[in-house]
Amino acid sequence: MADASFPGWHGTTIIGVRKGGKVVIAGDGQVSMGDTVMKGTARKVRRLSPGGYEVVAGFAGSTADAFALLERLEAKLEATPGQLARASVELAKDWRTDKYLQKLEAMLIVTDGKDLLVITGAGDVLEPEHDVTAIGSGGNYALAAARALIETDKDAEEIARTAMKIASDICVYTNGNLTVETITA
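With full-length UniProt numbering, the residue at position 185 of the sequence shown is 185, and numbering never jumps.
Calculated directly from the structure, the hints in this document are not laboratory data.
Any given hint could turn out to be false.
Said to hold, decoys possible - Calculated lysine to any residue pairs in the SDA-like style (CA-CA distance at most 20 angstroms, straight line):
hint, residue 1, residue 2
1, K114, V180
2, K114, E157
3, K114, M33
Model the full assembly from the supplied sequences, consistent with the hints where possible.
In structure tokens:
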């Protein structure tokens, strides 16, 4: 558990939307320390290419912890090329059982264009039911907005951008400076 007297650096809202053969992961740019905005232009969505296999990952939570997890995910993907679900399960198992990793406070949304997964420190690897998932402090707002939009004519990117706009209007830990990455199945 984190020391409550030191709030830590946190990156917040990430959304993943799958529609029309594309998967979009979008994240806001705000990094907060407690109730102070430390940076508004952070990149919390990244493209990974271990062994030429493309994956897009977004993170919420402690920034340093998320980078540690992204490095481990890349190593798992190199060991199991083309198998995002397997690499994600292996990462989640390590995260849950390793004493060092158990202390990491972050969540990941990952996709290879086919699978869309959320990986948590509780050992969970979840695939969303409705082709939409979100994490972070504004995640529930973004998720609700995207779920309402998924049945419209909007494409995956429009849904993600609109949902993040709504989340940034509601959540003080989410801003409108977006990083958006698209990957096709």
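Verification of the supplied hints:
Proximity of K114 to V180 is assessed by CA-CA distance (about 17 angstroms); at most 20 angstroms being required, the pair is judged to hold. This hinted pair checks out: K114 and E157 have alpha carbons roughly 16 angstroms apart, not beyond 20 angstroms. Distance check on the hinted pair: K114 and M33 sit about 35 angstroms apart at the alpha-carbon level, beyond 20 angstroms; violated.
Of the numbered hints stated above, the single one contradicted by the structure is hint 3.
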